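K.L.:
Protein chains in written order, with the working numbering: chain U, 1029 to 1507; chain X, 1029 to 1507; chain L, 1029 to 1507; chain Z, 1029 to 1507.
Just so you know, not all the hints are guaranteed correct.
If several chains are the same, the list does not tell them apart, and a pair holds so long as it fits within one copy or across any two.
Claimed, not checked - Calculated cross-link-like contacts (lysine to any residue; reagent style SDA-like; alpha-carbon spacing at most 20 angstroms):
1. Lys1344 <-> Gln1078
2. Lys1379 <-> Glu1064
3. Lys1390 <-> Gly1460
4. Lys1356 <-> Thr1280
Quick caveat, the hints were computed from the structure, so don't treat them as lab data.
Computed from a predicted structure; not experimentally measured.
Protein chains: 4
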Amino acid sequence: MSTRPCFEWIKPRHDRMPEECGVVGMYDAGGAPVSEALYYGLYALQHRGQESAGIALSDGRGIRYHKAMGLVTECFSEGATLKNLGNGSIGIGHVRYSTAGSSQVVNAQPLVVRYKNGTMALAHNGNLINAQHIRGILERRGVISQTALDTEVIANLIARFSGDDIVGAIRRTMEYIRGAYSLVIMTETQLIGVRDPGGVRPLALGRLGDAYMIASESCAFDAVGADFIRDLRPGEIVVVDRSGLRSIQTETPPQSHLCIFEFVYFARTDSVIDGVSVYQARENAGRLLARSAGVEADMVSGVPDSAITAAIGYSKESGIPYGEGLAKNRYVGRTFIQPQQSRRETGVRIKLNALRKNVQGKRVVLVDDSIVRGTTSRKIVEMLRCAGAREVHMLISSPPVVYPCFFGIDTPDREQLIGARNSVEQIRAKIGADTLCYLPIEDLLKTVDGAVCGFCQGCFNSEYPLDPDAFREFCPPLE
Amino acid sequence: MSTRPCFEWIKPRHDRMPEECGVVGMYDAGGAPVSEALYYGLYALQHRGQESAGIALSDGRGIRYHKAMGLVTECFSEGATLKNLGNGSIGIGHVRYSTAGSSQVVNAQPLVVRYKNGTMALAHNGNLINAQHIRGILERRGVISQTALDTEVIANLIARFSGDDIVGAIRRTMEYIRGAYSLVIMTETQLIGVRDPGGVRPLALGRLGDAYMIASESCAFDAVGADFIRDLRPGEIVVVDRSGLRSIQTETPPQSHLCIFEFVYFARTDSVIDGVSVYQARENAGRLLARSAGVEADMVSGVPDSAITAAIGYSKESGIPYGEGLAKNRYVGRTFIQPQQSRRETGVRIKLNALRKNVQGKRVVLVDDSIVRGTTSRKIVEMLRCAGAREVHMLISSPPVVYPCFFGIDTPDREQLIGARNSVEQIRAKIGADTLCYLPIEDLLKTVDGAVCGFCQGCFNSEYPLDPDAFREFCPPLE
Amino acid sequence: MSTRPCFEWIKPRHDRMPEECGVVGMYDAGGAPVSEALYYGLYALQHRGQESAGIALSDGRGIRYHKAMGLVTECFSEGATLKNLGNGSIGIGHVRYSTAGSSQVVNAQPLVVRYKNGTMALAHNGNLINAQHIRGILERRGVISQTALDTEVIANLIARFSGDDIVGAIRRTMEYIRGAYSLVIMTETQLIGVRDPGGVRPLALGRLGDAYMIASESCAFDAVGADFIRDLRPGEIVVVDRSGLRSIQTETPPQSHLCIFEFVYFARTDSVIDGVSVYQARENAGRLLARSAGVEADMVSGVPDSAITAAIGYSKESGIPYGEGLAKNRYVGRTFIQPQQSRRETGVRIKLNALRKNVQGKRVVLVDDSIVRGTTSRKIVEMLRCAGAREVHMLISSPPVVYPCFFGIDTPDREQLIGARNSVEQIRAKIGADTLCYLPIEDLLKTVDGAVCGFCQGCFNSEYPLDPDAFREFCPPLE
Amino acid sequence: MSTRPCFEWIKPRHDRMPEECGVVGMYDAGGAPVSEALYYGLYALQHRGQESAGIALSDGRGIRYHKAMGLVTECFSEGATLKNLGNGSIGIGHVRYSTAGSSQVVNAQPLVVRYKNGTMALAHNGNLINAQHIRGILERRGVISQTALDTEVIANLIARFSGDDIVGAIRRTMEYIRGAYSLVIMTETQLIGVRDPGGVRPLALGRLGDAYMIASESCAFDAVGADFIRDLRPGEIVVVDRSGLRSIQTETPPQSHLCIFEFVYFARTDSVIDGVSVYQARENAGRLLARSAGVEADMVSGVPDSAITAAIGYSKESGIPYGEGLAKNRYVGRTFIQPQQSRRETGVRIKLNALRKNVQGKRVVLVDDSIVRGTTSRKIVEMLRCAGAREVHMLISSPPVVYPCFFGIDTPDREQLIGARNSVEQIRAKIGADTLCYLPIEDLLKTVDGAVCGFCQGCFNSEYPLDPDAFREFCPPLE
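Just chain U, with the same shape it has in the complex (with noise of 0.2 angstroms):
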């Protein structure tokens, strides 16, 4: 179950691989094996993709890799297999988002390449704009690609810029690539981190006695006891090494752009991105979707899990009781089997049942944190007015999702996208709620107040850090 043969539809052009995934990265200057805490840091990550995972270990002369389909545990169920991969004090992980029907181990992270001088392994949470076009111009001068990640793109910018030094090779690769990326890259001998000159997706230094880590949240320091040094800035790349840790500032524009989704529902709680707890942004969105929404209700609840501290912040601004609504079944896994010959629609009862005892007879409000397509909005509904509720009164604790993401979420097409062509009437009577409320822009900008960073609101008014269109072809002249 841990793994699975590498299966894969490659397409003859211009497939794209949106994906929104975890890195982990680690370097213990007194040598002391890092596999472990690498395996812990990508499992407080795992909420950040499911699909597979993979980490690689250089003990200073070789890499060495492992990586399949599934869950961390899943992939290194045996502990045969973290301990095959050595004692190596350097190395990187990554998990990735499940997108359905790529489920292809030849797309799993991290990718080890050999080029000019040795091997390198990279890691990437984010997505490219120019990643296709850069392919296309790479593959017309000969190179070949065995995947359909962004990553390879990078790794062949990286090689072929390559002289004497990488962190130079990364700094003229940053030249060609647009778009989000946080990068966790190792060598042979050095581990290194970037981040985007957008800053778009998250990208945190630790430090664990001798050894420094990077990764995609906090969360992942807690779970070794590791200390959270600081964020990366845009577009810093961090190195480790022999010489200890030293940080490259490239050129960045005025203003970034983190992405304010990873607060709406992507981080964990318990994570603090660029200055910002990411609890703190979802009970200060529901206390705020209170003072705007004003429902009269006899009680709170939340869509399990993401949009649980949004109900309770709603609740305590509101002063109306929180309660729980729904139960959620916590055994979802990869294999569940869908329902074929079902009497009747068991809908989303199978991973969501409604409280009967808890809502009958009452005034429901329900908090959740974006509606996507809709559909599942309206079987909750459904569900909680089966349970007896007398009202439902659904709030979203952000604005409608009208635009595409360009920038590492696998948004579904415009077509798809519930809020682009519909009014907010409109859909509050597709999915039959007797309210129904979204945040205002500008209070989820007030959630993340105290930030030292600026956000992406792209999906929700299109204003990306950089116009997709005008870099989906950009690349500088490659001599």
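With chain U held as given, fit chains X, L and Z onto it using these hints.
P.N.:
For chains X, L and Z alone, coordinates are given in the frame of chain U:
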């Protein structure tokens, strides 16, 4: 991964196999296949046991089954496995609790045996006090055992007592066995539910179109859209066959003894057992705890997931705002690699992590459902303090567990039960909390007000429904 | 791959489980571990059964076992599996023949059961005539069955008859069971070998240093460097324990009935059974066939692998040069995908292929060991003709199989036995050969000249060691 | 078991990946699916490589593939895997030889890559002398490597040279690469076969209805009922597409150099390569050995399986009767557990065992195809002596292997080649034989009389088709 070979250490004698499990059964009078509903039903009962799962199906002529180690979704990870069981319209299923070291597919259920009148399959939740004794008597008469299951003893007795009618044999079997048992039994043509005279374990009856359904908890009915009809009565046998449903009431003591821990932490919040909503009971527990404890604090938090509801009740009653103090990693699997080379005790932070921003500088009331050994509680308290909590008040929504359970819950030996050898003050000191309060047993009983049953409180006060010592060697003469 | 979940279709009654299997046992008086020798011993007996394999080990206090579907190397593919069985110095093992449709780990052996005096493990080669009958009687007395194995009936009888002494119980059991059985039985402290009074299946005794070994064939001794001591006598029980080895001779009929098919094709050529070399018997068969058939030809060839030796004998006797006419693909596995969309009947060419250059223009004598259904023979003849053979003379090194086997070989029903419903001339026409000759039974008996036993020839002439009809319902009174 | 995660130790540089493999390709002009024929074709070539297997399929628009560790039947053990590849009517397949320590799915073939004109898949049998050198040059120009395969170098060159026409790119690639290569290449719309100018590895063309087939050996055609058309000529490129089949002949040296070891032991006896029957060549070798050796003996035997045919030839020529002296265990798998705690050296007896009854007291001529390290030969001689052979005369059907192979066979280093450092008399003494004779090289060449090609005899006399030292760093200028 979804299956393991049968691998077993059969000790010469007297090994005990305590367990909490989930059972489900279905009979479709219209002849429709039941395998899918059983799958979803088992999946809804997954919280009752994660070690192994199995389904047995009858098409009216023969019984086919599949059982394996792992979660329901792992055991039936390939749709083909479920399909291979065929279109039988009678079936039963079982999930089993994982107790360390007993991971043996030979002990998975349903147990399928051939006997004089054909084939029967049995799924059992509970624990018999006198199973070992009866097994010994049977062995002395030449019977062989192939598993360590109480269920095998039950199957032997039913087979031995069988005349023309299996119901008569079950009635006679009930005169011999003592302890807790909720049984779902299937022959080629019948589905039978049995609840022990003490009513210690739950068992409920539901209906979906032409089909009757029997399950440990009502949430299994919700999962497939079935309607809850009623709980089986203590001592009741329910038979479903071509002639429909009939009930046989065996003799029962005046008072029943439902395990109150089903409400404290075992059952799912959306289930209703013997007239009481699990959710309601837990919220009540929190409220009563607030009244009896009366701790001053800035926030109330619960240990996820089972104590969240009580914490919410506490908050409502006390007026102290509810907030999340701990984040839980949802991706806990069977194959988690235990820390070995770790630099420091990562402890419980891998599965739980404090929400620093939320607890910093605060006086925190932390609600948990019970304390068994005390080690986890100590780590959680320490974690909250490290995260900056000014005070940590531990409030337990049940009384101290002082005595072992003989009726299906796998409690440790008394030496390991922290409540058995320490005063509340000693426990408080050991776990390092500022306050430790337990819910008094009188209050716990109030949480289930309105129940149509009595309750077993043996683990709190040794008032068991049956004296284990008196009945451990109970066995009426076998002809 | 090495394991499958237990998946079974238990028919209401009377399913038969015919099988040819291999058994091995070992007792090391010096206390040395025996698991590795059992593994190699089983591996040497792999030709006797490829469906499942298992090993049970006793360390003097308890019995541990592992069994799974597949080849020995698959079942124990991870060294850890063998290691986990521990350092027991008593052990038994079993390989089971693959009969279509019965791939069920629940029917794998050894069968390990608890009974009044502790635990016993049984490994069985052979088939009982009256197992179903006794099973029925036991079931009427309340016994349950969990497998379809004759071995379970034997275990029940031994358990039922056990007083202080298992040997007495085995003796009594032998008074009840009728048919073929070579048994290796283990308790926590004893290794026991049993051969049925007819001596139908082989069983031999060997020695390796301080250890005694029991095995179906002597090649298992060679594999571990053990010395062959002697065959067990028909009706003999051999017990190895702390006091060393002792033999109990039970009553036997004047003549024994070793299955002559062991020499025709079942046993390995390097084994010696009851005084006769399998290799020698096969070469003799070829020589006698040459004398009786007297076909003129240019080359003699054998169907690989089992008929090669007879073909060589034929060549030696006739002076016609031996040559290979067919190449065999050695990589036949359990998981071979059957042709579905094939353009033409690829037939048997996937496993066998004619050596065109060698047979072209030649008159070919093709020796095979037996014809069962005739379909394979027809394809082979056709293949040789397509490859240019001028004449194809099919010579069979045994008489026509006309009757079913009741003693452990899985022969098809009489309707499918081509020999049962056709004259030799009709068969010749059906398979398309120029000549078809069988070895007369008198000659077959000459091939095993020097044997210390008699032979069962039931499948040729229905002269069974026991009349199946007379004993199918045999069962002395059970108290 | 059929798959393993990709797990790899990428050494910093210069690891060599010598291999003998099997390739197959098919193009069905009628649009019929080819996956099943490829499966059976690969299965027929299984003897050429047991480490991994893979199939890539094109439906005219895109390429799908599956590859995994293990035998063909293991990699495609689930029919679904083959079905998931779809109904493509163009496809190629590959089986790979197992060299110790390189069990890495990343090195399995076919290699599927995207390049400027779409996607191509490559399957390669052979070894390039200058692959490492070209890889280095490519890397210096910025190319990255993801595997250790020569095939990746070939793919890079083809991609780099590709204009409109892949055939032109292949022709240019052939000007760069030096060594042995039989290639099957597929684009979305073409099937291409390439044989190196030396013709070192075999490659043949066949036909089945509307389909062309290309395969390493003709036995792959027989397996699916296809007709052998002809061998590819050294330096020939064959292209099959919508317009049918066309052949391009590139420049070739006057003499070709087919690896003569294909006849000695590598190919299957039923194959015909470059006009010579493998079977015939082996029988000839035995006959010539008999003429040159002239040993007096009582029986002739061969080491199974590859030396049996030569032994039969020896017998025919010498008149000494052929007999089996050794029995072979047919169930050798990848997962065999090596002896650890063994009491004595069980040695080679697990896979081979002497037929005592057949060799006892006899003077035995034992024919083997080659001696590499000598350890196995020593054990076999000893085994025959233990079994009572009076004399053991070892006759080898090829000359001593004295030099390493650079063209695709994984020979050990010269220090381990017993023939490289010892006289024939010294070797005889080391292996303990009474006689040791090798077949002189002149005689070996006679065994393949009638061949339409020349032969590489480099391992015997260092007369390689290309001087490895001269070409190891060969690379014409890359623009």
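K.L.:
Any hints this thing doesn't respect? Which numbers, in order?
P.N.:
1, 4
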